[in-house]
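**Student:** If you want the building blocks of each chain, they are given just below.
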Amino acid sequence: MAREHEHWTEQGEIFALGALDGREGEDFEAHLAAGCAICEAHVRETRETLSVLHRALKPINPPGAVKTRLFDQIAKDNVVPIAAARTKQIAPWRKITGALAAGIVGIVIGGTYYRLHYEPRHTVYSAVINLLLDPVTRDHTLFGTGPTTQAKGRFLWNESGEGHIFATNLPTAPEGKMYAVWTIAHNSAPRYVGTITTDANGQGGLHINSTRSEKPIETFAVTLEPQGNTAAPSGPMVLVSKQS
Amino acid sequence: MAADSNIAVQLIQRAAAQDREAFSQLYDRFSSLVFSLAMRMLRAQSDAEDLLQEVFMQVWRQAGSYSQERGSPEAWIINIARSRAIDKLRAIRRRDKSFILTDDPAAAESPDNVESAVGESEAKLAMNSALANLPEAQRRVLELAFFSGLSQTEIAERLAEPLGTVKTRMRAAIQRLRVMLGTQAA
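Residue numbers (the numbering used here), protein chains in the order written: chain A, 13 to 256; chain B, 575 to 760.
Isolated chain A (complex conformation):
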């Protein structure tokens, strides 16, 4: 265990620097996504250490016009910070039109089961709202496949590495099994980004905080795996973003 973490610690330092790439980067991201608190803390601490690098630069005061533009944008867009959105609850959502509003409503209706053991619900709601507010966030439909053709889902994905998956009609994973969520970039190995659980009604969700992939993600998939298997998919695919 200690030796294993020595390896991860080494990788984590290069990761914190933003330079870990290729398979090593994918493996480390999967390790973080699996919830390693030791490595998460180590990455955080390394980033604090690296602060010396930007502090070494001679400070340059930006033109005052940037601040003016920033506050104009805030006023014009009526951007509401997360905490304020929380306290006002539904009201700001009404101001969001079209697909965005539909998306949020869908989330509110369906969003009941998102890692409540670990995160307050409002935090997840806020994170999903933020995802939807970002114009570069993509919304993918997930189709049931293999043993679960009745399953459906949606995958919100932002190339920054943040995403949210919703699943319906997906039976609870059997004893000793889990539903592993993967993102797949062009010509790249699947990357594990988390485990989704579903309730007795077949509904579930997962908020994903991974890191940016080197290449854009092309496919999103969920497979049924033995508990703990995050290295590579080995079991049947139950949800996928592309119809075969």
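Some hints here could point you the wrong way.
Partial pick of chain B residues on the chain A-facing surface, computed with a CB cut under 10 Å [as the list claims (entries may be wrong)]:
#, residue
1, F597
2, Y601
3, M613
4, R617
5, N653
6, K662
7, Q712
8, L716
9, E717
10, Q726
11, I729
12, L733
13, P736
14, T739
FYI, nobody ran anything at the bench for these hints, they're computed from the structure.
Glycine residues also receive a C-beta, built at the ideal position from the N, C-alpha and C atoms.
Starting from the known structure of chain A, arrange chain B on it as the hints suggest.
**Tutor:** Below, chain B without anything else, positioned relative to chain A:
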């Protein structure tokens, strides 16, 4: 430093409650840090200004999701800035097949140009910093990763060094910074 950090945390909390005065103070506190980093990474004032605006829009939107467990306010904001700057750099590299901004694409392809650009930026570093005490080879890989947004593989190619050597230098540099800064993890 801890008191400064606590004040910044309070400003973020107030910004999360839509307090624009607090957000203004937060901007005043960190904008020059972000802007100097943006100038160093992107090398073009207009791009740096755009990045600064984007970073603080994200800070405004996500202030409510900040917690001290995610790191100090400064580290959080700088991490947002670096992430966005690296995105821009990679887009530029894809477009220009070069990793520096220039009006002359042919010149951008020149390794000499790359090296001189790095050297010029290095000259801007404050020499009283811990960086000045790093061996040149270690400082170089650190800067190429941190400021130029290059991956370990790209740095190895750029310097024509084995990947293992680059990794060793990066880690040695970070360890050395830890010792100098007294931030060695327990």
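**Student:** For every hint, state whether the structure bears it out.
**Tutor:** Verification of the hints:
1. F597: holds, 8 Å
2. Y601: This hint holds: Y601/B lies near chain A, its Cβ roughly 6 Å from the closest one there, short of 10 Å.
3. M613: holds, 6 Å
4. R617: violated, 12 Å
5. N653: The hint holds - N653/B has a Cβ within 10 Å of chain A, the shortest such distance being about 6 Å.
6. K662: Violated. Min distance 13 Å.
7. Q712: violated, 12 Å
8. L716: holds, 7 Å
9. E717: This hint holds: E717/B lies near chain A, its Cβ roughly 7 Å from the closest one there, short of 10 Å.
10. Q726: Since chain A brings a Cβ to about 4 Å from Q726/B, closer than 10 Å, the hint holds.
11. I729: Holds, about 7 Å.
12. L733: violated, 13 Å
13. P736: At about 15 Å, which exceeds the 10 Å cut-off, the nearest Cβ of chain A leaves the hint on P736/B violated.
14. T739: Violated, about 13 Å.
Against the hints set out earlier in the document, violations occur for numbers 4, 6, 7, 12, 13, 14.
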